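Trainee: Chains as they are written, first to last, in this note's numbering: chain F, -1 to 571; chain B, -9 to 428; chain U, 62 to 415.
Rather than coming from a laboratory, the hints here were simulated on the basis of the structure.
In this text the structure is predicted, and so the values were computed from the model without any measurement.
One should not assume that every hint holds.
As the list claims (entries may be wrong) - Keeping only pairs whose Cα atoms sit at most 20 Å apart, straight-line, the calculated EDC-like set for lysine to aspartate or glutamate is:
id : chain 1 : residue 1 : chain 2 : residue 2
1  : B       : 402       : B       : 127
2  : B       : 353       : F       : 427
3  : B       : 277       : B       : 231
4  : F       : 299       : U       : 123
5  : F       : 60        : B       : 231
6  : U       : 195       : U       : 161
7  : B       : 239       : F       : 147
8  : U       : 195       : F       : 204
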Amino acid sequence: MTTGNTIVTQPDQRRKGFTLSPLALVVIPLAFLSAFYFYPIFSIVRLSLAPAGTLDISAFGKIVGSSYYLKTLWFTLWQAVVSTGLTLAAGLPAAYVFGHYNFRGKGLLRALSTVPFVLPTVVVAAAFTSLIGPNGVLNTLLMGVMGLEKPPIQLLGTIWMILLAHVFFNFTVVLRIVGSFWANLDQSLENAAAVLGAGRLRRFVEITLPLLSPAILAAGLLVFIFDFTSFGVVLILGGSQFATLEVEIYRQTVNVFNLPVAAALSLIQVLFTLLLTIVYTRLQTRAARPLNLRPTQQTLKRATTTPARLLIGATVTFMLLLLIAPLIALVVKALGDGVQPLSELFINRRGSYFYVPPVVAIQNSLLIATATVLASLFLGTIAASVLAYAGQSSSTMRIRWSAFLDPIFMLPLGTSAVTLGFGYIISLDHPPLDLRASPILLPIAHTLVAFPFVVRSLLPVLRGIRPDLRQSAAVLGASPWRVWREIDLPIVARAMLVAATFAFAISMGEFSATALVARPEFPTMSVVIYRFLGLPGALNYGQAMVMSAILMLVCSAGIILIERARFGDVGEF
Amino acid sequence: MILSHPGIALGGFFVAISGSRNIRCRRGKQMSSIHIVKRLMITFGTASILLAACAGAATPAATAPSATKAPELTAPTATPKATVAPKATVAPTATAAPTATTAPTTTPAATSSAPRTLTVMTHDSFTASDDVLKAFEQANNVKLNILKSGDAGAALNKAILAKGNPLADVFYGVDNSFISRALEAGIYEPYAVTGASIPAEFSGDTANPPQVTAIDYGDVCINYDKAYFAQKKLALPKTLDDLGKPAYKGLLVVENPATSSPGLAFMLATVAHFGADKFLDYWKQLKANNIKVVDGWDAAYNTEFSGSAGKGSYPLVLSYASSPPAEVVFATTPLTVSPIGTLLGDDMCFRQIEYVGVLKGAKNLDLAHKFIDFLASAKFQEDMPLQMFVFPVNPQAALPDAFIKYAQIPAKPARMPADEIAKNRDAWIQSWTETVTH
Amino acid sequence: MKQTTSDILLQVSHVVKSFGATSVLRDVSFDVARGEIVCLLGPSGCGKSTLLNIIAGLEHADSGSVFVNGEDISGTPVHRRGFGLMFQGLALFPHRNVADNIAFGLRMAQQDKTAISQRVAEVLELVGLAGFEKRDVNQLSGGEQQRVALARSLAPRPKLLMLDEPLSSLDRALRERLMDELREILTHVGQTAIYVTHDQQEAFALSDRMVILNAGQIAQSGAPRDIYQYPADAFVARFLGQTNLLAGTVRAADKRLVHTAVGPLVLENESCNEGTVTVLVRPDAALINGEANRIAGTLYEQTFRGRNTRITFKTDATTLIFELDSTAPLPPLGSALILSLRPSAITCLPQTTV
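Isolated chain F (complex conformation) (with noise of 0.2 Å):
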């Protein structure tokens, strides 16, 4: 708080300006929160281990004496550590790529890179069966070049498949959070490095590596978090073999139906998810640099250089196959029927009283997304805001306060669909919030999924920006309104963008919020897709098929409109 002898001197200020901290808007996304998430969450875990009104922590007992669960427990840890590790490992070089250099076709390979974040699991399961499966276009040309008995390939149902498909999902997340941080980096300081003598892998390590680390943790802690409460990659992809956390809360919820376990485990994976958001806090707050940021107009260039030239087609090459050739195999696999699975979608052969017409699942889906991108971008904006300004105060008591509330913020990604869906049912039964079978919970459920990536995409630009930048532009005379368009858009607009399109990625893809609420009809693509899928016959596999590929053009088109969108004269940052 201000010291009330400054304002005592400026009485006229005072009566202008707000007499609340402006910190105090941050009771918008914690009352969000609050209501669809703490809220449920609180209610079913109370229902599950207090049902009688007395605590019984009895499942937690039972857990930690399994070696069942602590094996499933040790599992969902190290499959998601090497997961993270792995998608870093290819993201980075294709990050650098990406932050350094302007090259043909850029725009569509970052924006079909965000591609798979949307679709459903088990159309790209059905994707890379048909690239790398035993009966695969891959296998056959192999087994046709190299005269083999047995397909060379078999992945499908092993670790390698689930490390492989968390990889193909998350990769974007590396490539957009890192790419644009690294090109906004200071060139300089890594030529100053090697006029000291340092070459190229020790510049990288002692000097870029150090100054990325923000955005690599941010990137690193997202993807980690998906990982680590991955579900259809797990079942799919992995078989029945594998089982993370989320899917052993899923079959205690659903199929077992021992909500005291599901809870407790619930419980867990929460914990694990905040104790990793507080390490990831502390980190963050130490890495963080003063650094002069480039505007990318600066930074990044034409590759002039043979070896630049190679590294551009290396990348491009490596996302072509890791990324880009399950996608095409999917679309060869949806006009593989010809056209007939993509006229009938327009018929309604049945007649059925649920048949929906594309362009109904498309005008859904988009509604959705674009509900959710707005929503979030509001709370999340408030919610970075709030965080990067007490963040900068100089009292640790707001300090502190902030690295509170920033794992807070991150709990829904943490948080298993099936645990948040069953605690709706049992608190949002009652007027005024009576939303058990409203459609809106379904932006509010992406929205809740989407809040957490826009808080990380924003709070590294937000905390950038000194106050007084804004001070000297008010200074300057510009009004506040001015202060706000000049100085914080420009800066956050480039992460604003990032953070829609992860929004509406996360809400076309849907993740899996549909299996959270008891819908009325509202179809979207992704339930067109699995209604198709839950039926026998070439026709349903045909056209759920063509839906995907349609979620893809969707998706794809929407991406590279977002990313096209310009903040009236502001360039990119």
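Since the structure of chain F is already known, use the hints to place chains B and U on it.
Mentor: Quick look at chains B and U alone, frame taken from chain F:
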């Protein structure tokens, strides 16, 4: 350009300020952050209004699909089902009114009143013909609100959690392997169906009036890829034991009983056949014979099975007796023979029966009863096979041609009393999991 | 200054560089002798920094070479060249403290720990920051950061130190103080250095020799005093702040007499060629009571600058700027005035382009 200002720094803990400057800075910052936040509020105020508009739009849009469906309804109905077409043409609301008055109803004002809403909770696989459901809606001046609540297990658990303040009036879709959980939780309001007699072998409980009414059944069976067996000149497995033989090594993909309802059904079939003390030995044998276990039907049928469009590599898959007709109905090129068949050996299939019931605390009891009668009526029962690929329980309902031609019904499916399932299900799943997947 | 070949440390030979369609350096050649401080001077965008980057190895020349001790180093990567470079933005590593910044180059040279900390203390002492080892570089003042950057580039004892406008972001007073200190430090250790700047005051203060670049070409090089007195062309003259340039003609009969718009001017020596010439009149040329080269005009403006008074003098043809001794009696502003121009302060530029 503003952006190149060297002051743009990342990580803001580095403003070294001291003494009197401190106070100046803090006041300045306080001011500017107030203004920033004000700006944020203005901008995002607009955003939230937009959001609210979207949310508002969501509700009308929810009805949009049915609105857009309406015009298409008149066109194609004549083609697929000639029998229903005449009834569909009687549909306009004006003519619906006299129908309503002929019914012995307690609402004489039905002619002019707005339709009431009947909420039906069900699993994601529920579907029906448009004209059939519309006919019900018009005859009873009701708007159906159908809540799809995840897979059968998730839907049931949600219904149990919402007990006392139910999400819906009617709950459809619990099968015999889970019905005991529902009955124990006491989520149903007893009701005896009228207008149809359903054979006793299907009943889910013994109470009178019963809590639930059987609506459909399906046999969970193993399907085989005809082309594969013909090409390899391999004889079909005839018994459960055959599946453990070396000839069929690495050919079968099944679903996990812990996560999938056909998976559970098949495990129950093995328990019924071998006995609770022996079935795990059988599964050990299957495991040694390299069966593949996947999480759900989607993955098993679409990804792993070689006989489906997914072109996987397992020629035997745990699916349904209704899958062969579905392959014909949903073929991309017209077929006269199904590319897949069903293994019909004794106890190789397990009969799943799905039930409907009125939820305790339902707000529209009268409509809920009517809906259950409707589900049991021949009209709905005849619509089910080609919509959900299940068999009708009402003996009056005629099977469609595709089912008569392409579906084979096992002579002796495995069966097990619901209470026995209830008692042991979780323990069996647990020991199965320990034996097979770990 | 005369040098034998063995004295020459660096040779830049016919360097050409262009970025896309813009050609930045067109055939630049010059030498730097051991122990010499050479200033690269020129307006923004003349290619100074690019030239520096090419010498450092951060950029590659399209053609031409860089020799060190007679060896072509064009193929040697940056980190093996053993040069020092002090960046315009300083480029201090924000994640390292003062000592670690300075030690960086020493660590790269694989020196042992005690040697490193000794050397760090030594250079910190040299730049006047003794005891600053553990300080956070982000919390230093501008001048202190400058010194740390200098110390960092000096620490590994580079063969050649390059400084890219190191003082440009500082205020005037600090800049002038550091300029003197820098000169002292560099000469104290006998450092060979290339100093890039656009400020002629810095160049005069620091350099043994100046190389003036204009649009990617060397306009003139030589000792500061020589260049100041005898600029090669109008560009150099103007760039060094000498604006009294007059067009004139010289006849074969008397090469010491130039006919200009302000009248005939007599020169001390025969620096002019016959024909059209450009004459430079230095600001210190004017006397109130002289005999030679008397020109008439009005006193338009005067600024008192301590020892000197700067006046703007208008003739019918042009406006000239002079610096007079402040003791000289001046009439009120707007009065007619006759000035005499010392022949020794008038020269013909070797190249006539204006």
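Trainee: Hints broken by the structure, by number, lowest first?
Mentor: 1, 5
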